[in-house]
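Q: Chain by chain, the residues run as shown.
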Amino acid sequence: MSTISLHDTHHDDHGHGHHHETFLTKYVFSQDHKMIAKQFLITGIIMAVIAMLLSILFRLQLAWPDKTFPLLETFLGKWAEGGRIKPDFFLALVTIHGTIMVFFVLTAGLSGTFSNLLIPLQIGARDMASPFMNMLSYWFFLVACIIMMSSFFIQTGPASGGWTIYPPLSAVPKAMPGSQLGMTLWLISMVIFVASSLIGSLNYVSTILNMRTKGMDLWKMPLTIWALFLTAILGILSFPVLVSGVVLLIFDRSFGTSFYLSDLVFGTEILPNEGGSPILWQHLFWFLGHPEVYIVIMPALGISSEIISVNSRKPIFGYHAMVYSLIGITVLSFIVWGHHMFVTGMNPLLGGVFMITTLIIAVPSAVKTFNYLATLWRGNIRFTPAMLFAIGLVSFFISGGLTGIFLGNASLDINLHDTYFVVAHFHLVMGSAAIFGMLAGVYHWFPKMFGRMMNPKLAYLHFWLTFICAYLVFFPLHFLGLDGVPRRYYAFTEFEFMNKWLTVNVFVTWSAIIAALAQVAFLFNFFYSIFRGKKATQNPWEANTLEWTTPVEHLHGNWPGEIPAVYRWPYDYSKPGADQDFILQTTPFSETMSSNLPHDFEGNEEAERIQKEWEAKNKPVQE
Amino acid sequence: MVSTLQQENIPVNFKAKKFLVWLFVVSSTIMFGGWTSYYLVFMASKGKGHGLVLPEVFTYSTGALLISSVCLFLAARALKSGNRSKQRMFLWVTFILGIVFGVMQFQGWTSLYQTGAVLVNNNAAISMIYVVSGFHLLHIVAGLGFVLSSLIGSYKNITQDVAEYRQDITSIFWHFIDILWIYLYVFLLLNS
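Protein chains in written order, with the UniProt record's numbering: chain W, 1 to 623; chain R, 1 to 192.
Below, simulated BS3-like cross-link-like pairs (lysine-lysine); rule was C-alpha separation at most 25 angstroms, straight line:
hint, chain 1, residue 1, chain 2, residue 2
1, W, Lys26, R, Lys17
2, W, Lys214, R, Lys15
3, R, Lys15, W, Lys220
4, R, Lys17, W, Lys220
5, R, Lys17, W, Lys214
FYI, nobody ran anything at the bench for these hints, they're computed from the structure.
Chain R extracted, bound-state conformation:
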């Protein structure tokens, strides 16, 4: 009955776990899809969007996030070539840029608030700006957690396998939230 299969010693299946992150990306995309669909239907039925000129700082935060993604890519490449200290350096830059992004989002909300486009608004499209950017920022916080786990790994003496696994899930998640923000920003720009 029991066949000749190689002794499998698989306490952790990295491939399966990495796939979990991909699936999470899918479900998260759909959550944001729910909100942007709400927005489209709202706009179609009310004949109006948020009607604002989005704060300039959102452009800068987008730039920061883009550069952070590039840095994370370089970190992954450094790890592949076995250069842990270089990986660590790029991870730190990613981490700091992530925090810069968060600060800029707060600045963006502040300037929205100052122009009177507040969260509690009779135009749900304006409230939606806060909802999507707020939940995106929550994703950034989670992403910073992933970056941190890679960073901690780079200080500890973990095996190349584990280090690459951590770096991989960090990359999947971070690039996803980068692309997600670009989608949301462009969406909000186009549907004003």
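For reference, chain W alone in the conformation it holds in the complex:
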């Protein structure tokens, strides 16, 4: 962390009262949003590596179900006796892979990192509404991570009922080993995680609404901020429902209530629980669970909007449409949860309603996609690593989104439900797309975070290997799903009709291994560049947004003097008549007379008059 040198001289200028920072207050219990962002990012990256390694483990089992790998026993002990992963552990692997990826990497790692980093910097605030709560949010997150990982070190192993932890598997401890202490730890971890996420979201929303700099009205905010804002709102409105569901589940598990349980028989033993319904868990879970997938993808969409515009050197196409489509997705995401439950015996009429709302989401999603493409169209494109990843996101968003239309159809979903088709769909549209958005963000804002540049050559290697391998991993899974191969099966070769898919699984696993190895290029690049990367200039991508007006060296309070005021929207790239192909948000119109357009003044007659006078005086001279 040699690059982060705080300039104490600046500190006294704006009286923040932070004079002597110790190692502990600066790196560990930091209340500075930029440091908290780095803490979120690095924790998120570590969790992503863990979850990726878990996926490689279960991919080995899927590709070579009958082969033994003595090395596995060395590392995993009794969970891979004789070098083969045990069925219970396989289920634990898929469960924890999903949990970590969805919540710890793509919710906390993505939103946590970029909300913390970008919200104060891009709206022009010294810090968050409550820096203390912000710190708390990170520490809750870390504790949740540690508790979740600790379940690998207990006798009965981690939770293994799938990341959606449907009862009765999750509610009856004796159902299977993974329903015991591991499940309890999962629930504790998740309650702490939700607390972290909520504290964070409250802070983000309050900061955006109350602490914008002068001139930064809502319609001058970068799309990253809009996306992070709406993501935080989604979190505030949906995570509490997960808490209510989880609380009832804890009561069922630990106290013997019957919220989700009824008519269960274990061997010869009849369980006393009566009258509950596991379907009610699914309702409560998916009321969070579906907005959750938009919590995952929306920050990535916002990040790529910004990056695509910067690197196409063009204004984002349809700024207002981009915002309204995000709002549309936010609203719609609350009325589609039933599409996860088409096969629960739902009333077909209700299924039809959920089908229609689900399919309507294709509209705002398509608006976004076409706007990305239109922004790229005839742009002066700079293929920076961040740009490649942002374009990668658009690609995954399209190819994964299209299969969403299949799955949203109740009648098709009955055939495709719980097959590898679903796995392929969400790994492309929210898994790969969101990860690519996150990586794009990391490559783009790395100079802002660490004051240094990442190596572009390694980044290109990382991009191409990951991009190609992600398709090679997930595309074939569609065909398995169409053939009816169910997800989460340990020994699918036991069914004769699935045997033919073994070779495809071998191919997929090799692709996954290569994709995993490609991440070494990223990890090396990331950690090496923190210390040894090329020193960054203040505005390396020539972007318009406020964060690039702060000094490269981080200060507590972000700007050495006053917070700059904002005069224009963030997408004035390649404006005809301007000297440069970018105009910072902090540049007043009076300094860009040659490029001002009538609609820039939003009906301000005085400004229009001055502009007309100037044009009458200057235009003929130019000719």
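Assemble the complex: chain W is given as a structure, and chain R must be docked to it using the hints.
A: Below, chain R alone, put in the same frame as chain W:
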């Protein structure tokens, strides 16, 4: 690049922090909304609610909570007019009424328990009474913390700004849990 903006010296932004409490109110409402939705769906699918006559003590506890809200309102008004000792007095009454409410809730649970309507129940609607009232009581405990912070402030020599800020967040939170309880109580009364 740097414009002529007034030197901003904002170590704390009270407005933004107060807004945090409002947002918390929203998320908490939704959590309870989750439970009452469970209740409604459960009732619709099973054709039965909790089927009990709720203990009378819940009515008294509701009354206590209502009066506490009124007292807190008077405390806020006293602070606005600069009368700190009056504010302190009303805060103490609020605090004590909050504790009285808590004690009465325990009495309510006891009488439920004695009639056989226990938490571990094959009728999830009855278990739900305990869950919602229990989590509401947790909110009361948190609310007492806010009242306490205002009280401590009224003994210390804090500025009017800080005192009003503390009083404001206490009021937002306390009135919220008051209204929340009324909602839950009426909900349970109507959906028996």
